[in-house]
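*Asks:* The task is simple: from the sequences and hints, build the whole structure.
As they're listed, the protein sequences go chains A and B.
According to the working numbering, the first sequence is numbered sequentially starting from 1.
According to the working numbering, the second sequence is numbered sequentially starting from 1001.
One or more of the hints may lead you astray.
Unchecked claim - In silico DSS-like cross-links for lysine-lysine, where the CA-CA straight-line distance does not exceed 25 Å: (1) 1259(B) x 1057(B); (2) 424(A) x 1259(B); (3) 1474(B) x 1431(B); (4) 372(A) x 1474(B); (5) 1326(B) x 1057(B); (6) 1295(B) x 424(A); (7) 403(A) x 1354(B); (8) 1220(B) x 235(A); (9) 1233(B) x 424(A); (10) 1431(B) x 403(A); (11) 424(A) x 1057(B).
Calculated directly from the structure, the hints in this document are not laboratory data.
Owing to the predicted nature of the structure, the values given are computational and were not obtained by experimental measurement.
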Amino acid sequence: MMSRKRSGMLALAGMLSCFFFCPLSAIGTQQQNSPRASKQDQAAAELNAGLRAYQAGQLEQAIARLKRAHTISPDNPQVRLYLGLFLYEQNKDNLEAQRYMESVLDQFPAHGDLQLRLLDSYLRARNEAKSETLVQQLQARMAADSRFAFNVIYTLIRHGRFASARREIDKVSNNLQGEVLFIGGLIELGSEENPRALDLFEGAAGRGFPPRESRQMLTLADSYFRLRAFPQAAKAYEAFLANHSDAAPAQRFRLGMSYYGYGDFERALEQMQHVKKEAPETPEIDFYLGSILIELKRPEEARPFLQAELKRDPASYKATTKMAYLEYLAGQDDLCRQWLEKSMALNGKWFETHMVYGLLYNRLGEYEQAVKSLEACVREEPEYPKAYFQLSNAWRRLGNEEKARQSLDRFNQLQDAAVSRVQKARGMSDKPPER
Amino acid sequence: MIGQMPPAIRCLLYILAFAALLWAGTSPESQASFVVENIASRAGLTFKENNFATETKYPFETMGGAAAAFDYNNDGYLDLLFLNGAPSPLHLRTAPDSFNRLYKNNEPGLTFTDVTEGSGLSGKGIPGYPQGVAVGDYDNDGFVDVYVTNFGDNVLYHNNGDGTFTDVTAKAGVAMNGHPFKASACWIDVDNDGFLDLFVTHYFEWTFKDHADYYCGDRKPGYRSYCRPQVFKALPNVLFKNNGGGTFRNVSEESGIAKYPGKGMGVAIADYDKDGWMDILVVNDKAPNFLYHNKGHGVFEEVAIDAGVWANESGQFVSGMGCDFKDVNNDGLPDIFYTDVVPECFTLFLNRGKGIFEDRTFPSDLGPLTSAHSGWSTKFMDWDNDGWKDIFVAGSHVLDNSELYNPRTRYKEPCFYYRNLGNGKFEDISKNLGPDFQVPGAYRGLAVGDYDNDGSLEAAVSRLNDTCVFYKKKGGPAGNWLLLSLRGTRSNRDGIGARIEAALPSGLKLYEHVSTANGIYSAGDKRVHLGLGKESMVLSLQITWPSGVVQKIENVKANQVLQISEPEK
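*Replies:* Below, the structure written as structure tokens:
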């Protein structure tokens, strides 16, 4: 049976074979004509002899040859590297080994064996400060290389450093989980499992994935947008646009739509104005500018945009309905009705057309007609709170208190949820504040 | 006959007839513009409200700023009272910079003298952070009394008739020493017994013990802000019945008022369904409004949802602030207007009869005109005497650091004036009213009245941490007017609740009622001002007194202060 020391030596030799010959032979051939080259050659010869001795299982002889090489060329990093590694093989908490390894740590940043052995040596020597510092130095590599991170954590566990190990495994787990959750979110979204997809995306985002500057951020933004998670979509689009000056106007348009979706109309307007300037042909840009201005209580400023939309697309039932609403707001009931009739002819299932009919009928005191329209509205858009509010008013005027109460309850329920969503997006709360 | 005339003469007659119609009628569009001047300094009104703001942002600091117009010495001219702030946490005022100020009108000349000292109204030594004021002659002795709402116990000052006031709170039993945070108050005879009762709004539940350490806003220097009302518990409002003899009884439970918790700000009164009993409107902050319908004898039912004034047309509960409750479209039915905070828009509900109101905020153009502004106290008033009530709004946001959170908002705003065009529409003429009207401030209280009895109204407005302003109209057509000073005999002496219908020769009718409550925290002239436009007389004046007595006076000449006593029958 092979000894543990011998098996470790072979593993080390196998993993680092390229370091044995390639670089040193190259140095030897390039610098052979100068006195300095002569010294380098001697050092290289000693190093190669040491490595061959190591491969032959003669650790003592290998160390002796490397020490000679170090005497000839004390600054040679490879000599220092292997001297440190071999001394460590000989005695794992050897301080001299640690010093040689430390001296070349920065020069071999990808040398996992060097890093892991140095950490092992510190832990054996119970040098807590140095081991902590080294783990900190290794964070970037651990984040990029989960296998290496696993080896670091495994080393910590072997030495009973469970608290540190837990901390590190949490970090690694988070990094990996972000990616896993993100991919999971895409799978669920593709499978139309929307609530699950949203949870997974939020989990990924909470773990810092995708990174702000990555193009995957756009995928996340688009996914949130598709899920109608508008506050999250807005945040993701903002991150993407801030890092990609080549972003298409369509992406800014969706950012504007996201703000519109959760009631941040000032920001929505800013983005849409930007799009209108950059890409005036963007489909429905005028419709949304008009719609946003209505929400901002600037109906007369909305009018030219809606007229422009209708000029571009006379069959836009959405813009036609908005025109009806503008006339309703202006108190022009006959004009409102005319636009509504046009809109109904274009699309009899558009919820907002029914909503504006409901408003108009309520104003005119035609409550039975209002109920019909508003019920049609909530059939098409069951979660539209304003429709339930108007429906409640209509039922009340008709003397049906029970139906009025039911509609009002539904309004309160939906309105509270909508207000909560907006408040959450804006970091507000109705709960007692912190003290 | 006209048809037989030559075309040229016929045409001339038509032109003359049209011109005569314009001359005789009250056509708002025909009125030229006017400006207003802030004559506060010239008039001797030096009051500066000090809100004693703290870094802790106690909510009552950004409230208050009450103003009241009333004739405390019965010399026929309106005097002015401003309430001040008080240093937290004791709210015990000892220094002059925290005193309330009573200004006596020195008419003629529209100047005032500070008569606070010795009046008993300074608030010196009386604990409490003043919020609102209500004025009314609760004991029918002919002298107007003053009720002050506080954060802390409220105070009732009895007018002794000699220029002094006495704190009679304890005897009257109206301190309200339960929940400390009160807002507005008004005098109203809820049971038509001839004695004014007292209605007081609670804002929300807030005490130093339980809430002083609440931190709202970002945790960065300068970003701490006044907490939103949503985080605090609602409280019911309070009604005190006047027993006569200088005492009151809390009848909130039996009157039905106590059933409805809210976050009351402004209060205004009107008999909106003309059933002879005064009703009460309370505008709540981010909560449904209250319309307390008086079912008779001071028993109320809250009917805001049935009436359609529970929320605006979209079902939103805005940050309700000041309100007024008068007939704005001359159809004989009192309408409702209230202010709020940007990006909400001030709201107008028109009374459609049968107890139903319609949100006409947008059709009236007030929606787009007001959505970028925030307002506090407000009043329907007819500055240009054209017979159509316009709307005055004291502008300002609630949060003194609102710009940090939204650069588009402004804490300090100017006041606003929305002119009634008589066709259901309003126009914002604020910018035309001259430079004095453009000065931004943290405006709060508003006391409107005809301080010099010249038929043209003046507006006194308080500003937090700044001197008050006193706007006087200058230029433009004077317009005819009538100022009615009512004296109840069977009804309460102030005539509060009396309804007035004035028929003009043109056929137009004007409607008013007596009330001193308007806006938020504030009280205005109890006398009724009617703008008559070009009309030189009122054909018929009908007064329906709270007692039920209906009084008719015919052929009343314009441009006079008319004293009217309630007849026995």
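*Asks:* Are the hints correct? Go through all of them and say.
*Replies:* Hints, one by one, checked against the model:
no.: 1; hint: 1259(B) x 1057(B); result: violated (31 Å)
no.: 2; hint: 424(A) x 1259(B); result: violated (32 Å)
no.: 3; hint: 1474(B) x 1431(B); result: holds (15 Å)
no.: 4; hint: 372(A) x 1474(B); result: violated (54 Å)
no.: 5; hint: 1326(B) x 1057(B); result: violated (35 Å)
no.: 6; hint: 1295(B) x 424(A); result: violated (43 Å)
no.: 7; hint: 403(A) x 1354(B); result: holds (21 Å)
no.: 8; hint: 1220(B) x 235(A); result: holds (22 Å)
no.: 9; hint: 1233(B) x 424(A); result: holds (21 Å)
no.: 10; hint: 1431(B) x 403(A); result: violated (47 Å)
no.: 11; hint: 424(A) x 1057(B); result: holds (23 Å)
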